[in-house]
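Peer 1: Protein chains in written order, with our numbering: chain D, 1 to 183; chain G, 1 to 514.
Note that these hints are calculated values from the structure, not bench results. Cβ coordinates follow ideal geometry from the N, Cα and C atoms, glycine included. Any given hint could be a false lead.
To be verified - Derived coverage of chain D by chain G (criterion: at least 3 residues anywhere in the stretch with Cβ under 8 Å from a Cβ of chain G; other residues may be distant):
(1) 56-63
(2) 126-136
(3) 153-167
(4) 172-180
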Amino acid sequence: MSRLLSADRIVGVILLILCCLFTYFAFDLAKTIPPFFQNQPMRVDTLPRILGIAGIIASVVTIIAPTTGSSAAQSTDADKQLKENQDRMADLSFDNFGQAKWGQLVAMIALMIVYSTYLRAGGFIPATFFLLLFGSIILGERRWIVMVIVSFLAPMAIWLLVTYVLDRTIPPLPKAIMNMLGA
Amino acid sequence: MMEGILTGLSAAFTFQAIALVVLGCLIGSFIGMVPGLGPMQVIAIMIPVAVSIGDPSVAMIMLAGVYYGAVFGGSTSSILINAPGVASTVATSFDGYPMARKGFAGKALTIAAISSFAGGTVGAILLTLAAKPLADVALLFQSPEYLAVMIVGMTAVAAFGERGRAYKAVLMVIFGMILASIGEGSQFANRPRFTFGYVPLQDGISSITLIMGLFAVPEAFFLILDPKRGQYKGDGESKEINNMRISAQEAKEMAPVIGRQSILGFLIGVMPGAGATIASLMGYAMERNIAPKEKRDEFGKGSLRGLTAPETANNAASTGSFVPMLTLGIPGSGTTAILLVALISLGVQPGPALINDNPDIFWGIIISMYFGNVVLLILNYPLIPYIAKLLAVPRTFLIPFVLFFSMVGAYLVSQNPTELYTMIVLGVVTTLLRLAKFPIAPIVIGFILGIRMEDNLGRALTDPDYTGFSFIWQRPMTLVFLLIAAAMLLYPMIEGRLARRERKKARDSQVTQD
Numbered sequence: 001m002s003r004l005l006s007a008d009r010i011v012g013v014i015l016l017i018l019c020c021l022f023t024y025f026a027f028d029l030a031k032t033i034p035p036f037f038q039n040q041p042m043r044v045d046t047l048p049r050i051l052g053i054a055g056i057i058a059s060v061v062t063i064i065a066p067t068t069g070s071s072a073a074q075s076t077d078a079d080k081q082l083k084e085n086q087d088r089m090a091d092l093s094f095d096n097f098g099q100a101k102w103g104q105l106v107a108m109i110a111l112m113i114v115y116s117t118y119l120r121a122g123g124f125i126p127a128t129f130f131l132l133l134f135g136s137i138i139l140g141e142r143r144w145i146v147m148v149i150v151s152f153l154a155p156m157a158i159w160l161l162v163t164y165v166l167d168r169t170i171p172p173l174p175k176a177i178m179n180m181l182g183a
Numbered sequence: 001m002m003e004g005i006l007t008g009l010s011a012a013f014t015f016q017a018i019a020l021v022v023l024g025c026l027i028g029s030f031i032g033m034v035p036g037l038g039p040m041q042v043i044a045i046m047i048p049v050a051v052s053i054g055d056p057s058v059a060m061i062m063l064a065g066v067y068y069g070a071v072f073g074g075s076t077s078s079i080l081i082n083a084p085g086v087a088s089t090v091a092t093s094f095d096g097y098p099m100a101r102k103g104f105a106g107k108a109l110t111i112a113a114i115s116s117f118a119g120g121t122v123g124a125i126l127l128t129l130a131a132k133p134l135a136d137v138a139l140l141f142q143s144p145e146y147l148a149v150m151i152v153g154m155t156a157v158a159a160f161g162e163r164g165r166a167y168k169a170v171l172m173v174i175f176g177m178i179l180a181s182i183g184e185g186s187q188f189a190n191r192p193r194f195t196f197g198y199v200p201l202q203d204g205i206s207s208i209t210l211i212m213g214l215f216a217v218p219e220a221f222f223l224i225l226d227p228k229r230g231q232y233k234g235d236g237e238s239k240e241i242n243n244m245r246i247s248a249q250e251a252k253e254m255a256p257v258i259g260r261q262s263i264l265g266f267l268i269g270v271m272p273g274a275g276a277t278i279a280s281l282m283g284y285a286m287e288r289n290i291a292p293k294e295k296r297d298e299f300g301k302g303s304l305r306g307l308t309a310p311e312t313a314n315n316a317a318s319t320g321s322f323v324p325m326l327t328l329g330i331p332g333s334g335t336t337a338i339l340l341v342a343l344i345s346l347g348v349q350p351g352p353a354l355i356n357d358n359p360d361i362f363w364g365i366i367i368s369m370y371f372g373n374v375v376l377l378i379l380n381y382p383l384i385p386y387i388a389k390l391l392a393v394p395r396t397f398l399i400p401f402v403l404f405f406s407m408v409g410a411y412l413v414s415q416n417p418t419e420l421y422t423m424i425v426l427g428v429v430t431t432l433l434r435l436a437k438f439p440i441a442p443i444v445i446g447f448i449l450g451i452r453m454e455d456n457l458g459r460a461l462t463d464p465d466y467t468g469f470s471f472i473w474q475r476p477m478t479l480v481f482l483l484i485a486a487a488m489l490l491y492p493m494i495e496g497r498l499a500r501r502e503r504k505k506a507r508d509s510q511v512t513q514d
């Protein structure tokens with residue numbers, strides 16, 4: 001049944017705000033175009049303007065569209081079975097997200113940001129060792145010996161693969177040590 | 001065509017290419033078995049490897065191998081543990097898992113392998129026949145037609161999305177195009193846009209970073225959020241794989257199903273937006289409806305036809321979805337969109353000119369399909385029982401590894417932490433969008449087509465033959481395409497409205513009767 005506050009509407013409103021901002025900047029672009037290009041039929045801001053306005057329209061439609069449940073009427077057993085099996089593949093949704101492991105997710109995202117920031121300074125192998133080790137810890141793994149071995153061997157293997165098979169360079173050790181080694 | 005096939009053969013039958021197809025099939029089947037990780041995630045993770053190979057035809061042949069492997073791996077986990085790795089193999093579990101529970105796991109895997117092989121091969125033959133003529137027609141297109149065909153592709157993706165919710169998909173396509181307009185992409189955007197003075201944004205968002213952020217990272221996030229994800233109704237045990245033989249009687253029953261579903265699946269796959277998932281569900285429903293009464297009752301309880309149909313159809317459709325990708329350069333599905341990202345990252349311009357400019361790539365991919373199907377059948381099939389044992393990787397190790405591979409992949413693009421931050425932000429945004437049930441594949445399709453649409457719009461607008469947007473009515477083909485697009489966009493909305501009105505009427509009449 002129709003609800004005033006639904007996931008569609010929340011996302012719709014956020015995207016509407018973003019599209020309005022985008023449209024503002026798209027129209028603002030005109031100021032940066034040199035006079036010679038001003039009268040060209042195709043300008044740097046032509047498509048962004050169209051996109052911005054189309055985005056606003058699409059978000060408004062998403063917001064005002066009625067939020068009824070699934071529209072497909074289920075008539076036969078096969079349909080029901082299909083539906084049931086599709087539901088098994090379904091994601092979590094806004095309705096049941098209270099049970100989700102949000103703490104673990106936030107911790108993991110924080111870990112990813114730290115890894116991204118210190119990957120270069122910390123060196124690929126040590127940084128990845130800590131990423132994999134702490135990643136497992138966050139998810140509740142406590143088999144320490146397995147964790148340490150896996151976290152140590154995996155970055156070594158991947159580094160060798162990247163360096164010798166893919167022929168790309170990633171500094172394996174912390175910057176300070178690499179500098180000392182004169183690499 | 002013969003010449004093309006020979007070119008493809010010489011590209012696909014080098015030692016390097018063969019080794020990489022085999023490797024790709026193995027990696028694909030292994031990762032594809034992991035619930036939640038399907039072709040899109042596997043290919044996304046493998047793109048940096050493909051780009052490092054350098055030779056576009058060999059790299060694409062490998063990725064094609066990864067693709068078939070992943071589709072096949074998804075079927076295996078559907079049958080053995082009732083955990084479809086991806087939506088396109090959900091229908092496989094309807095009858096595959098009951099069959100395995102009855103003690104016929106080996107037979108179910110054989111049926112799946114044969115059906116996949118047949119569906120994929122028939123699809124490849126149809127693709128071989130259709131590719132050249134279609135590409136020839138596409139060569140007649142000028143910028144206005146391209147623009148219009150791209151709009152048709154995008155609206156088709158939206159129209160085949162969630163029923164009555166096409167506007168959500170449209171919004172996602174626009175979102176993807178907005179992301180594409182950041183930085184300097186199009187030749188008409190002669191200076192960086194929307195960078196706000198932030199230098200790393202000048203080149204725009206890298207497409208590899210984008211697909212990692214849209215597909216691989218959110219999948220890992222969902223696995224974190226929902227520990228039960230991927231553990232479906234099955235009893236959690238891998239089934240004993242025993243006798244893998246099928247009888248002549250069973251083969252006879254499969255043959256007509258394979259014949260029908262491979263052609264139907266291929267045709268569904270050709271349509272943009274309707275991929276392997278829709279083909280497999282439609283194939284299942286169709287075979288159920290046309291089966292004789294006593295056979296119909298077996299559906300859902302381990303029916304031979306019920307397993308053959310979706311397995312044939314999804315593989316034929318996967319092959320069919322290469323048609324718009326190879327001939328027009330327009331991705332009809334999330335998976336082909338990701339393959340296009342790979343193609344573009346390898347420095348190849350997709351489009352109808354591909355067949356003439358890079359025949360080795362064009363035909364190499366097609367030939368690799370035959371080859372990949374054979375590899376899957378003879379190499380993977382005996383290995384399944386062993387690969388299936390590896391399924392037991394605990395999520396506490398799996399998730400950090402998926403995230404690690406995604407981050408290494410994005411980092412290799414430019415060795416800049418900005419790529420990683422962008423990927424994390426995209427991952428978080430995508431996770432929220434998926435929670436709100438917004439479709440994700442349209443974002444990558446919008447992203448890929450965004451810049452190319454801008455180029456074609458620019459060429460059409462600056463063409464002295466037309467004034468402004470007059471090309472829309474000056475070129476009849478363009479007009480027809482745009483009308484098709486409008487019809488596709490409006491039809492689901494009108495249909496949804498009509499259905500609601502019908503229901504309301506039915507309710508009202510019920511109320512008055514009471």
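Peer 1: Hint by hint, where does the structure go against what was stated? Just the numbers, ascending.
Peer 2: Number 4 only.
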